[in-house]
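If you read the protein sequences in the order shown, they are chains A and B. The UniProt record's numbering numbers the first residue of the first sequence as 1 and each following residue consecutively. The UniProt record's numbering numbers the first residue of the second sequence as 1 and each following residue consecutively.
These are computed hints drawn from the structure, not numbers from a lab. Warning: the hint list may mix true and false statements.
Below are the DSS-like pairs computed for lysine-lysine, each with C-alpha atoms no more than 27 Å apart in a straight line [as the list claims (entries may be wrong)]:
hint	chain 1	residue 1	chain 2	residue 2
1	B	Lys218	A	Lys139
2	A	Lys86	B	Lys172
3	A	Lys139	B	Lys215
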Amino acid sequence: MLVALVGCSGDDEGSKKDAAPTSSGETASAVETDARLGVVKGRLGKKRSQGVLTAVTAVVERWFDRGYGGDYPRGDFGAAFGEFTKDARALAVRQSGVTSNAKVGPKLEGVEMVRRAIRVDVAAPNGRPAGATARVRLKFTMSGGVERTDLVTGRLLLTPTEDGWKVFGFDLRRGEEAP
Amino acid sequence: MHTVIRTTILGVVLGLVALVVPDSTPGPQDFTLVKVERAEGVDVEPDMIWILAVGSDARPGENPLRVRGDALQMVGINTRTGAATSIGIPRDSWVSIPGAGSNRVNAALYYGGPQLLGRTVGNLLGVQPDYVMVATFGGLARMVRAIGGITVDNPRRFSDQYLQPGGYRKGKVRLNGMEAVEFGRIRKTLPGGDFDRSANQQRLLRGIHRKIVAKADKPGFIETGLMSVVRNLHTKGVSPSELFRIAQAVAQVDPGKVTGCVLPGGIGNVGGASVVLPNVAAAKRYGNDARKDATIRRC
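For reference, chain A alone in the conformation it holds in the complex:
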C-alpha cells in the first residue's frame, strides 16, 4: 500500500529564507520537507551555503523515504542507507529498529508522514565545507499490524566526499508519540 503524505509545519528555529527546495520523489509521495540552514560557521557565502543545504537535505530525504516511507508491507530496507559510509551502514542495519522501519515493515499496510523537518549546521573552515550536522525530526503514523505514531529525532553527521555528502555517524532516538 502506498504511503499517504502530509505536509509538515515549520515551527523550529531557522530562517524561512534559507529554506531548501525539496524533492523527496522516491515514491509516489511528494512530501513537503521543512529544510533550513541552521548554524553556518565559516565564510561560505549564501549560494554555497544553499548548495550544502540542498545536497544534505537530499541525502536525508532519501533516508526518510527509503527507511520509513515507501510501499508496505515490505521487509527490505537496505536501500535506506545507500548514502551512509560502509561502517555507518553496517551499524545502521544493526540498529534498524530505530534507523528504519525494518522491524515492523512486514506487518504494515501503510505509513502516513506527518512531519519532516531538517536543520543543517555547516562548518566551512577556509571557505570550504568540511562537515555538516543534520538535525532531523520525522513523525509518521503506521497502520496495519502496528497502529501507532512514531517520532524519530536526532542528528545525522555528514562529511563531503568525492561521491557527494555521506553519513558517517548518527545519534537518533525513536519513540512512540501519544495519539
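Here the structure of chain A is known, so what remains is to put chain B in place on it, guided by the hints.
Same frame as chain A, now just chain B:
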C-alpha cells in the same frame, strides 16, 4: 512520548579533546594534534581510535613539542559503542625509548617529538596511538575557562603550598582555568604521588568530556568547535573533515561507558634519580583488554 529507544554510533571515525579548543583564546603553540604515521604496529579494529593526550610543561618561548611531556594519558574511543578508556602513564616511568636507550617516558617528547613519544607509549602498552595531541598548561587553562569551567569528582582533600594553597575539598569540585591545571599537576602532597596525579588527570578529562556532551546537542556546537580548532590547533596531516569526525566521535562517547586505569609500578633508583619502574605486564594487559572495545574491566 511514551517510549524512547536511543542509538548512538559513529561509523568511520577518529578521536579526542580537539573540539573544546576555544576560539581565539589559546596561543598558536598551545595545542598540537599530530597524526601518527603507522609503519608498523598492532592491528587496531576499525571502530577504535587511540589518542595520546600529552600535557607539555613548556615555558613561554619554549617549543611545547620538544620539552618533557608532563601528563600522559592514552585515550581509546570505541566509535561503535560509545565506550572510552584512559590509561594513565606516570611521568617518571622508566622505559625503553626507540633509538634513545632507556629513560623516563616523558623524555621521548624531548628526543623525538610527538611521533617518538607516541611510539614509546605505544610499545609499552602494545597499542599504538593514531594521534598525539599536545597541550600546554596555559592552553589547557584557557580551554577550560572558555567552556565555562568543569566539575570533577575529587576523592580526597589535598593542597599544595605553592600551586594551590587553599587546596581542593573532597567531593564534587568546580574548577576553572588554572585551578584545573593545578589539579592535574599536584603530586607531592598526594599519598600515591605520581600515580594519584595521573588519576587526577583522568578526572580532568572526564570533566571536560562531560561538558562537551552536555553541549553537543546545541545547534552548531561541533561546527563552532571545528572552526576554533582549525584556527588554533596545529594539525599535522589532519584534514578539517577528519577533525570534524574526531570532534563528533568525542561528543558521542557515553559518559557512563568511560573507564580508566593508571599504570601501576614500583619506585626505583636509576643513576641516583628516583624513577617509576612500570609494571610492564599490567601495561600489556591494559592494552590487550582495551584494544578492541575501549573498555578495561579491571585495573
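Hint check:
At roughly 21 Å between alpha-carbon atoms, Lys218(B) and Lys139(A) fall within 27 Å of each other, so this suggested pair holds. This hinted pair does not check out: Lys86(A) and Lys172(B) have alpha carbons roughly 42 Å apart, beyond 27 Å. Pair hint Lys139(A) plus Lys215(B) holds up; C-alpha atoms about 25 Å apart against a cutoff of 27 Å.
Violated hint: 2 only; the structure is consistent with all others.
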